[in-house]
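Asks: Use the sequences and the hints to build the structure in full.
Residue numbers (my numbering): 116 to 456.
Don't take every hint at face value.
[Unchecked claim] Pairwise CB distance ranges (calculated): (1) T192 - D169: 15 to 21 Å; (2) L407 - E367: 21 to 27 Å; (3) Y382 - G273: 37 to 43 Å; (4) P426 - K126: 58 to 64 Å; (5) P277 - V337: 25 to 31 Å; (6) R152 - A361: 16 to 22 Å; (7) T420 - W233: 26 to 32 Å; (8) S229 - F364: 28 to 34 Å; (9) S380 - E247: 47 to 53 Å; (10) A331 - A188: 54 to 60 Å.
Since the hints were derived computationally from the structure, they do not count as laboratory data.
Here the structure is a predicted model, which is why all the values come from computation and not from measurement.
Just so it is clear, CB atoms sit at the ideal spot from N, CA and C, and this is done for glycine as well.
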Amino acid sequence: ASSRRRQHILKLASRMETAAAALGQDPSFFGRFARVRAFEGAAVCLRRLANALDAPTLRGGEPSSGLEERASAQYRTCITQAKAEPFRASSWPAYRGADVLGYRWSNKHPKALSAPNWEYYSSTVTKIRGGESRNFSSWTFLPGSCAAYMAHFPEVYGNITPRRAAPQTQLKHVTYVSDGLCGSTCSVASTRPYLDGLTTFVTFGGVPGQPMDITAFNGGNVATYQNPGSSYGLWTDAVSAMVDAAVFFPNETLPSWPFLPIPMSMYSVSFAQRAEYARALGPKALPREWYLVPGSHHLNVWSSTALISYPRLPNFAKQKLYDIYTAAAVLPPKPWPRFTA
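Replies: Quick look at the structure:
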């Protein structure tokens, strides 16, 4: 039994060394400095354990229960040192060994309190984009953004206690003031309450005589497909998962490699990872970025200076911004009328 364990440990250490050598061929490109060091350290740890199993005190017969426990503990220490993706489930069950750019368990709309699963990802919906039928995931939401939801499933997310705050009673209405450059998460967070008829939007600037959107660009988080020198990227994330699978599950048939490097003439590529579908626009609506959503009111005011980063604005720009706020404050609330696309 001791001999079989030793052979298993040595083969595992050898696969770790092979993986470290492969990633180490160009660690600056793969962005896997830490993974190379982790595999190398874990391999050293495993070889020390194998030598201990071959020590004279253990060769004479079955090891004592104390030695057996110490060997098992040392083995777990070595595995933990490898920081392998398939074993992150032990520290965060929702991980389950497959986290490529934040795709994790969620649930399928409209089952708001259904248990987290992969149904939203496996149950695809077909939409026409660019004149072609394309598959998309079903509607879902990001459970990590809702502590109350995570608290319902401690076996997945751990023990989480949502913060309970008393509802405020002083704020009666919210008015956004925008030069149209609010984008990304800013657009997602402000578009939803506006289209639901809960807020007012006052825009200023833009091109005279042309309709102006309340925000510049919408979409979920922007993901990087490839960025040399960075540890964050779609296909470099997948490299770790594939390497870990080859190291720890050598007898399994690995899936075909779906992510190819981009052409050498392109340094990096990013893309919008998720799209926001405003429910107020109806079930057949396109993603938010396909719509020009005008504000409730518009001010024909322009500034020669970008009115961002207030602490660093010159005094004349701060005064301009104050004048815009003053003009917006006297405008009556005018929520967006709900409509169906």
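Asks: Each hint needs a verdict: does it hold in this structure or not?
Replies: Hints versus structure:
no.	hint	in the structure
1	T192 - D169: 15 to 21 Å	holds, 19 Å
2	L407 - E367: 21 to 27 Å	violated, 50 Å
3	Y382 - G273: 37 to 43 Å	holds, 39 Å
4	P426 - K126: 58 to 64 Å	holds, 59 Å
5	P277 - V337: 25 to 31 Å	holds, 29 Å
6	R152 - A361: 16 to 22 Å	holds, 18 Å
7	T420 - W233: 26 to 32 Å	violated, 49 Å
8	S229 - F364: 28 to 34 Å	holds, 30 Å
9	S380 - E247: 47 to 53 Å	violated, 26 Å
10	A331 - A188: 54 to 60 Å	holds, 55 Å
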